[in-house]
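Whenever a hint applies, use it, and build me the whole structure from the sequences.
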Amino acid sequence: METSAKKYEHYHFKKRGSSKAMSPSPLKTYTVHFNLNSLRSSNSVSPSLPTVSLGSLNTSIDQAPRKNKNGKKRHSGWYRLQRKLPRKGVVAIENSHPHHQLVSCVRQGIRELNRKFPAFGPKVELNNLDFTEVLKTEIQSNKKIFEFESYSPSVFATIRQAIDITENEFLNSVAPVDDHPYYEFISNSKSGQDFFLSNNMQFMFKSNRQRDVKFFISILRNYLQHFISYPHSLLVKYVGCYAIKFPGKPKKYFLVMQSIFYPSDRIEERFDIKGCTAGRYQKPNAEGSQIIIVLKDQNFLTEVLDFGDQNQWFLQQIQADSEFLCGLNCMDYSLLIGRQRKHTDEKVTEHVATIVERIGKSISPIRKGMLTSNGDALYNSKGDYTNRALNDLKESTFQDIITLPEYKPGVMFPRSLTDGVENFHKEHRRLLPKSKNALHILDGEEYRYFVGVVDFLTRFDWRQKTAQYWKIVKYSCGDHSTKSPKVYSRRFINFLRDHVR
Numbered sequence: 001m002e003t004s005a006k007k008y009e010h011y012h013f014k015k016r017g018s019s020k021a022m023s024p025s026p027l028k029t030y031t032v033h034f035n036l037n038s039l040r041s042s043n044s045v046s047p048s049l050p051t052v053s054l055g056s057l058n059t060s061i062d063q064a065p066r067k068n069k070n071g072k073k074r075h076s077g078w079y080r081l082q083r084k085l086p087r088k089g090v091v092a093i094e095n096s097h098p099h100h101q102l103v104s105c106v107r108q109g110i111r112e113l114n115r116k117f118p119a120f121g122p123k124v125e126l127n128n129l130d131f132t133e134v135l136k137t138e139i140q141s142n143k144k145i146f147e148f149e150s151y152s153p154s155v156f157a158t159i160r161q162a163i164d165i166t167e168n169e170f171l172n173s174v175a176p177v178d179d180h181p182y183y184e185f186i187s188n189s190k191s192g193q194d195f196f197l198s199n200n201m202q203f204m205f206k207s208n209r210q211r212d213v214k215f216f217i218s219i220l221r222n223y224l225q226h227f228i229s230y231p232h233s234l235l236v237k238y239v240g241c242y243a244i245k246f247p248g249k250p251k252k253y254f255l256v257m258q259s260i261f262y263p264s265d266r267i268e269e270r271f272d273i274k275g276c277t278a279g280r281y282q283k284p285n286a287e288g289s290q291i292i293i294v295l296k297d298q299n300f301l302t303e304v305l306d307f308g309d310q311n312q313w314f315l316q317q318i319q320a321d322s323e324f325l326c327g328l329n330c331m332d333y334s335l336l337i338g339r340q341r342k343h344t345d346e347k348v349t350e351h352v353a354t355i356v357e358r359i360g361k362s363i364s365p366i367r368k369g370m371l372t373s374n375g376d377a378l379y380n381s382k383g384d385y386t387n388r389a390l391n392d393l394k395e396s397t398f399q400d401i402i403t404l405p406e407y408k409p410g411v412m413f414p415r416s417l418t419d420g421v422e423n424f425h426k427e428h429r430r431l432l433p434k435s436k437n438a439l440h441i442l443d444g445e446e447y448r449y450f451v452g453v454v455d456f457l458t459r460f461d462w463r464q465k466t467a468q469y470w471k472i473v474k475y476s477c478g479d480h481s482t483k484s485p486k487v488y489s490r491r492f493i494n495f496l497r498d499h500v501r
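Position 324 of the sequence shown, counted from 1, bears residue number 324 in the UniProt record's numbering, the numbering being contiguous throughout.
The hints are simulated quantities; they were obtained by calculation from the structure and are not laboratory data. Just to be clear, a hint being listed does not mean it is correct.
Claimed, not checked - Quick list of in silico lysine to any residue cross-link-like pairs, SDA-like style, CA-CA up to 25 Å:
1) Lys426 - Arg459
2) Lys434 - Arg448
3) Lys342 - Ser435
4) Lys342 - Phe314
So, in structure tokens, the structure goes:
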């Protein structure tokens, strides 16, 4: 019988000012033994897997593969056919792929931490310990040892709940129990970072530098507060943070986010907009190419964004998101834009019942009457918004507890259609579309747009201050991406304002 020893640790980051900042302080360590074969069994996970949308294919992964007479797993013909169909812009990470071992260990690590620490799910109240929480496991499998960590698990679980992602849905997407492959994202990105997608394309794993992950953990309170203040923010929704360490190799960090371009089966064009033009041209894709080309600012100069009656909301939200990042000393972020032409039936004015449902969707899950730990209301009972800048909030606001509202999943019907519309406009909401990934989808008259602000973890430190002078020499102009946060934010907002019809 193949067995494996696993060691689990549960620790917190130390506070600033300690002699070893961010170093782990073990609180609890224990070892268990188990049969690895039982984990591989389709019967080892009790929750049924949900039906998910795979690109343009609708299929279910909730049926475990049958076994043939020899006891080997045998998938359905539909599953085998779906595995053979090509998907533009991605490559399946199969056994021969160089990242196969990495993603297999990530899958195993996520599932094992979830199995051993089920209590670290979403919470109504988040305290300081939740933001510094680190879960760690050491796994020995197939004569290979690796360590796996999950950062601030309850905080990210709470974010997932707030955007209507159940824990089972998340787990079965990012770490499916069966051999559904991950996908490597193939594009013209030159960041040098690894990108891979969950099998249903809903979530993206992106490798990040250690300093960026530490910075993000340090601003998690602010990040969560921004969503409380702006429930329909266009900032990308980070839903998990993990690290993996193999012997003799540096630790690798991953942030898991909702894919802005989900579902992507009909998206025709993609843009990455920074609001500058120097070095921001991308040669369009050759016809028939399987690589997804993301066009840039110079390609976008003659384009327009038409969100219909949501144009004003979009500009106000972009300004709020950009000013929030400016307050954190962040720059070099982008607005991702995906565009697909609407079908004729999608242009038809929606039935009143559908609009009512969309209003309910737009109001849920973050409710009015939310209190911070010091008793200050961000929303009062009448839905009035208290406009306070993030950097003006007192430290005591999040010293102890962040209170999040309890809510029932699904549609929350407003007391009054008119009052509901009025209130969610005051609370910086909009009428969300009746679709998956609704927080990042805006519908215009002719196009459906997928939009989201990404890559906002670059701070204007000494590295960027040095780089801006080098770019002036390189491009012989100042219209490049390395600018101070205030300049970057103002230019970013103005560029988008000029392209909204």
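Hint-by-hint comparison with the structure:
1. Lys426 - Arg459: Given pair Lys426, Arg459 is violated - Cα atoms ~31 Å apart, limit 25 Å.
2. Lys434 - Arg448: 12 Å, holds
3. Lys342 - Ser435: Satisfied, since the Cα-Cα distance of roughly 14 Å is no more than 25 Å.
4. Lys342 - Phe314: This hinted pair holds, its Cα atoms lying about 19 Å apart.
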